[in-house]
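Now for the letters of each chain:
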Amino acid sequence: MSSQPNSFRNQPDECGHFGQFGGRYVAETLMPLVLDLEREYRAAKADPRFQEQFDDLLEHYVGRPSPLYFAERLTDALRMDAPEGMGAEVWFKRDELNHTGAHKINNCVGQILLAIRMGKTRIIAETGAGQHGVATATVCARFGLPCTIFMGATDVARQQPNVFRMKLLGAEVVPVTSGAATLKDAMNEALRDWVANVHDTFYIIGTAAGPHPYPELVRDFQSVIGREAREQMLRRTGRLPDLLVAAIGGGSNAIGLFHPFLDDAEVEMLGVEAAGYGLDAKHAASLAGGAPGILHGNKTYLLQDEDGQITEGHSISAGLDYPGIGPEHAWLKEVGRVKYTAVTDQEALDAFQLLCRTEGIIPALEPAHAIAAIVYRAREMPRDQVILANLCGRGDKDIFTVAERLGVRM
Amino acid sequence: MTRLADAFARGRPALICFLTAGDGDTAANLDALVAGGADVIELGMPFTDPMADGPAIQAADIRALAAGTSTADVLAIATAFRARHPAVPLVLMGYANPMVRRGPDWFANALTDAGVDGVISVDLAPEEDADLGPALRDQGIALIRLATPTTDDARLPAVLAGAGGFLYYVSVAGITGKQQAAMASIEENVMRLKQQTDLPVAVGFGVRTPDQAAAIARVADGVVVGSAFVELVGEHGAAAPAHLQALAAGLSAAVHAAREAHA
Chain X
0 MSSQPNSFRN QPDECGHFGQ FGGRYVAETL MPLVLDLERE YRAAKADPRF QEQFDDLLEH
60 YVGRPSPLYF AERLTDALRM DAPEGMGAEV WFKRDELNHT GAHKINNCVG QILLAIRMGK
120 TRIIAETGAG QHGVATATVC ARFGLPCTIF MGATDVARQQ PNVFRMKLLG AEVVPVTSGA
180 ATLKDAMNEA LRDWVANVHD TFYIIGTAAG PHPYPELVRD FQSVIGREAR EQMLRRTGRL
240 PDLLVAAIGG GSNAIGLFHP FLDDAEVEML GVEAAGYGLD AKHAASLAGG APGILHGNKT
300 YLLQDEDGQI TEGHSISAGL DYPGIGPEHA WLKEVGRVKY TAVTDQEALD AFQLLCRTEG
360 IIPALEPAHA IAAIVYRARE MPRDQVILAN LCGRGDKDIF TVAERLGVRM
Chain U
0 MTRLADAFAR GRPALICFLT AGDGDTAANL DALVAGGADV IELGMPFTDP MADGPAIQAA
60 DIRALAAGTS TADVLAIATA FRARHPAVPL VLMGYANPMV RRGPDWFANA LTDAGVDGVI
120 SVDLAPEEDA DLGPALRDQG IALIRLATPT TDDARLPAVL AGAGGFLYYV SVAGITGKQQ
180 AAMASIEENV MRLKQQTDLP VAVGFGVRTP DQAAAIARVA DGVVVGSAFV ELVGEHGAAA
240 PAHLQALAAG LSAAVHAARE AHA
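Protein chains in written order, with numbering that gives the first Met the number 0: chain X, 0 to 409; chain U, 0 to 262.
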């Protein structure tokens, strides 16, 4: 790279651009609102009481800090197939132990505090697998705000347990039947609701995407993952990891892990997209198989055809099944600071089972993608090197999908 | 004088009619609108993810895309329309991604070749003007901006910078085709906008009947009707032209005479 920035951690610019990506591509009705949100977020960031409240809830409600865990048996299992002297240590940041079972809650806590600060009295959100919907419904119950969750009708049908969880928590779940009735259609419908209810409604976006300032604020709220991990790793081992690995749908858990390390030149980073049935078939790998474009408020890599029509993604993991990616990842790919790869449904499924049996941890299918990439990378790295991956969610929600793929009737 | 400016300089309010390109026999449907008295045609570029549109236009986009409508088809429809109607202004409305897919210069050149007079890009905020604005203005194509009930006086100059053709006042904070705003609010906002711009102000969203259109035309320079036409195409298919022309005739008579009646 000829013109590397002095720091990789000072994006976006004041207009919300990460290089050529990001920005504020929204209908005019929403524009004053996203400008207002930006002002409120700046004020909140500078307010020590906001930070205190956020930290307090993360500690006592979410259960942070999450542990940093050396996966000894997984490391040993991977060394069995590795060349002599090879096979890096694998460590996990255990964000699957958070309340509600994934990293999503970190962001929801931050955003609902912002919503309350802005005097908003109603919350909406989109959800794919239902994890963000559950996390949003959870914080809405905690703060007594009414909440409407938009969820593609296809996802409602295949994620019944999460639909019921949201309802138990008092949320209204609206099945969206437009398009393929999955995550992007749910996001369209949430935007339609928002545009009609701007006066009282706050939209809690679930990933580090959407119009500025969402990619920035979601990243900031999720960066607790990387800050904790960096400190824990230094305390436990006296050194930084050699490689960070995280799964990417929209990219919030990955940017949360990566961002605090971006200026540590010795730390390599790998984002893992969903290759679905394969990159030459149906997949959800926007960086590997997409092109820059504009959708849902930001410019980023998108799965699209030559006319700019958005194409449907596919992943075994509903949480990765989105045709876009957060704009900061698009930028980090372009400047070369983070490497990106993709693994298939089958590779993720194999990794899912490997972790169950070696570590007694049932991971969500999202981090199973990260683990699948580790299976390849660990054996190429010497034994004294360290891989740190984000175990961003637990797999309870996925056991039905996995059973079906393994041909098991439950 | 440009075709768009001319449409607003006839001493009477203008009727702007919207249809989605590729939904049904678009050429025949557009001709029916012109025959019914449309002053400006707004041609929708179908998009997979029409975030600002209600059920009627969403359904039209799905029908158009399912029929295989491509960007080349939309441009061909525009080119043919221009050949048949040399004087009727034609505006392309849609979402940013299909417009910038091959680059802003490609798009601006293609629109020039097709004889398109203006562009409305729903999700291309003024803050992101650089993606398309300079290329269109270089070619003399108006970038028509939207103002809404949430666009306050402090923000309006940003919306007007680089704007051309007319200012499209979205009368309801919401999606297309739904409820209509209170007349008092429309009148107050149109007056507010006209204090800050010399561009004609046209009002749309939720306008369906001649009575509604006439009431708006008393205070605005133009009235935009979309979902009501799109629903007729969905309902009547190949038989749509007669219905479109009848509705356009009723609307245009009401809009064109709105100020005489109150003079």
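Honestly, the hints are just simulated from the structure, not real lab data. Computed from a prediction, not measured in an experiment: that's the story for all the values here. Honestly, I wouldn't trust all of these hints.
Between beta-carbon pairs, the in silico distance windows are [to be verified]: (1) X:Glu379 x U:Gln138: 48 to 56 Å; (2) X:Ala45 x U:Asp24: 53 to 61 Å; (3) U:Asp152 x X:Gln50: 33 to 41 Å; (4) X:Ala152 x U:Gly102: 49 to 57 Å; (5) U:Thr111 x X:Arg48: 50 to 58 Å; (6) U:Ala238 x X:Gly277: 42 to 50 Å; (7) U:Asp197 x X:Glu230: 58 to 66 Å; (8) U:Ala252 x X:Asp35: 37 to 45 Å.
Where chain U lies over chain X, by a calculated footprint (3+ residues, C-beta under 8 Å) [stated by the list, open to error]: (9) 14 to 23; (10) 264 to 278; (11) 282 to 296.
Glycine included, each C-beta is placed from N, C-alpha and C at the ideal position.
Hint by hint, here is what the structure shows:
no.	hint	in the structure
1	X:Glu379 x U:Gln138: 48 to 56 Å	holds (53 Å)
2	X:Ala45 x U:Asp24: 53 to 61 Å	holds (59 Å)
3	U:Asp152 x X:Gln50: 33 to 41 Å	holds (35 Å)
4	X:Ala152 x U:Gly102: 49 to 57 Å	violated (36 Å)
5	U:Thr111 x X:Arg48: 50 to 58 Å	holds (56 Å)
6	U:Ala238 x X:Gly277: 42 to 50 Å	holds (46 Å)
7	U:Asp197 x X:Glu230: 58 to 66 Å	holds (60 Å)
8	U:Ala252 x X:Asp35: 37 to 45 Å	holds (43 Å)
9	14 to 23	holds (count 3)
10	264 to 278	violated (count 0)
11	282 to 296	holds (count 5)
Comparing the model with each numbered hint stated earlier shows that hints 4, 10 do not hold.
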